[in-house]
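If you read the sequences in order, they're chains H and L. The letter at position 194 of the first sequence is residue 194 when you use this note's numbering, and the numbering goes up by one with no holes. Quick note: to get this note's numbering, add 1000 to the position in the second sequence (first position is 1).
Check before you lean on any hint, since a few could be wrong.
Claimed, not checked - Not the full set, but computed from the structure, chain L residues with beta-carbon under 10 Å of chain H:
id: 1; residue: Gly-1007
id: 2; residue: Thr-1022
id: 3; residue: Lys-1034
id: 4; residue: Asp-1035
What the hints assert, rightly or not - One side of the interface only, derived from the structure: several residues of chain L facing chain H at Cβ under 7 Å:
id: 5; residue: Thr-1020
id: 6; residue: Val-1033
id: 7; residue: Asp-1055
id: 8; residue: Leu-1056
id: 9; residue: Pro-1076
If you are wondering where the hints come from, they were derived from the structure by calculation, not from laboratory data. Keep in mind the model is a prediction, meaning the values are calculated, not measured. For glycine and all other residues, C-beta sits at the position ideal for the given N, C-alpha and C.
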Amino acid sequence: MAGTLAQAAAADVFREAAARVTAALIRRFGDFDLAEGCVQDAMVAALETWPRDGVLERPAAWLTTVATRRALNRLQRDERYREKLANVASSPRDDGEGDDRLRLILACCHPGLSREAQVALTLRAVAGFTTAELARAFVASEATIAQRLVRAKRKIAAAGIPFRIPSEVELGDRLTEVLDVLYLIFNEGHLSTRAGAPSKRDLAEEAAWLARLVCRLLPSESEPMGLLALFATSTRLPPTWTATTCSMPRGARCCTSSGGARRRTPRSVVRWSSQRTPPNGRCSSGASSNRSNL
Amino acid sequence: MVRSASGAAGHGNQLQGPETATTVVLRGGQPIVKDGLFMEGKEIVGGYTEVEAADLDEALEMAMAWPGGGTVEIRPVVVQR
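One chain only, chain H, in its complex shape (with noise of 0.2 Å):
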């Protein structure tokens, strides 16, 4: 019974204070969301005690002292949950999944291998392109692709191309076809060709992840970072943009320097547009000064 009339009395105070006591909070936070779920677990908290301690002379003066806290302690965990997802952000992740794809990508775009191969190799290995997909994205025949996967995957164990992070001299070496591939994956997920799907956003941010795995192996590298930037703006468009126009401004020419993948990428899979050329056509330069935000 005392708990149903405390029950009845928390009603009467909610009805009252509730208003009052959310104003409090916002003015002394400024922020709504959290005062008015402070607001509710301070009540929850109240139908807990009052029908067991009785309700007090003051119930919106206990409200409001409930509530205060539950915000400071939310602030609180806030600030710790944004410090551990800076470590976390922060500490490098070497190990794994992630270093067993960039090994992958690294035998995937051996320099043995020719650069059709290396490239449906890799789409088909790490970002999990189909047979027709990758035709699609080549402009061939899906026979013609499956033909290419049977023939690189034989010249692997066949030449013994090994599954290996090379040394800094062989990798710089590398980095070329593999940024090349990356981006390939980057724009697959940025304009996918699949329909249904206009933008994958998974594939983008794994493209992007990858490429920030190969930053930071290769720190002294300025292209990883390029292609990172580049990543980066173009994630950061409206979708209607890409979709009408192209999925690339011309800066990505700092990041395939040899001019291989341009010659030789399709254009069903890379589309240039020089209506979206930066001003200086460059993004090396907003590489570095980036980086803090990458």
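Following the hints, put chain L in place on chain H, whose structure we already have.
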């Protein structure tokens, strides 16, 4: 051992198929590594050597440091078991 009246076949290996070949071009400054055979038309084999390598990268390292210059084609041999 295959023999004729005046001679005998010596050391030899069967190479794996052309699709397993990797070519290193040493002309110019930076060695160029590419997929496939180097021989086209009038090009000729000037010599060969057998090397032990754990994987293609090790073979490539040797090929790129080859003192003779020109072009080096790397072909795995068929291992008889």
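Original post:
Close enough to count: is the Cβ of Thr-1020 of chain L nearer than 7 Å to one in chain H?
Top reply: holds, 4 Å
Subject >> Restraint check, 7 Å cut-off on beta carbons, for Val-1033 of chain L near chain H >> reply: It holds, given that the least Cβ distance between Val-1033 of chain L and chain H is near 4 Å, below 7 Å.
Subject >> Supplied contact hint for Pro-1076 of chain L, tested at 7 Å Cβ to chain H >> reply: Check passed: Cβ of Pro-1076 of chain L comes within 6 Å of chain H, closer than 7 Å.
**OP:** Would you settle whether the hint for Thr-1022 of chain L is holds or violated, based on the nearest Cβ-Cβ distance to chain H being less than 10 Å?
**Re:** This hint holds: Thr-1022 of chain L lies near chain H, its Cβ roughly 4 Å from the closest one there, short of 10 Å.
**OP:** Could you check if Lys-1034 of chain L really has its C-beta closer than 10 Å to a C-beta on chain H?
**Re:** holds, 7 Å
**OP:** Go through the hint on Asp-1055 of chain L and say holds or violated, using the shortest Cβ distance to chain H against 7 Å.
**Re:** holds, 4 Å
**OP:** Tell me if Leu-1056 of chain L is really an interface residue toward chain H, meaning its C-beta lies closer than 7 Å to one of theirs.
**Re:** Hint on Leu-1056 of chain L: holds, closest Cβ of chain H at ~5 Å, below 7 Å.
Subject >> When the least beta-carbon distance from Asp-1035 of chain L to chain H is tested against 10 Å, hint result >> reply: holds, 4 Å
Subject >> Hint check: 10 Å Cβ-Cβ cutoff, Gly-1007 of chain L to chain H >> reply: This interface hint is violated because 33 Å lies over the 10 Å limit.
When held up to the earlier numbered hints, the structure conflicts with hint 1 and nothing else.
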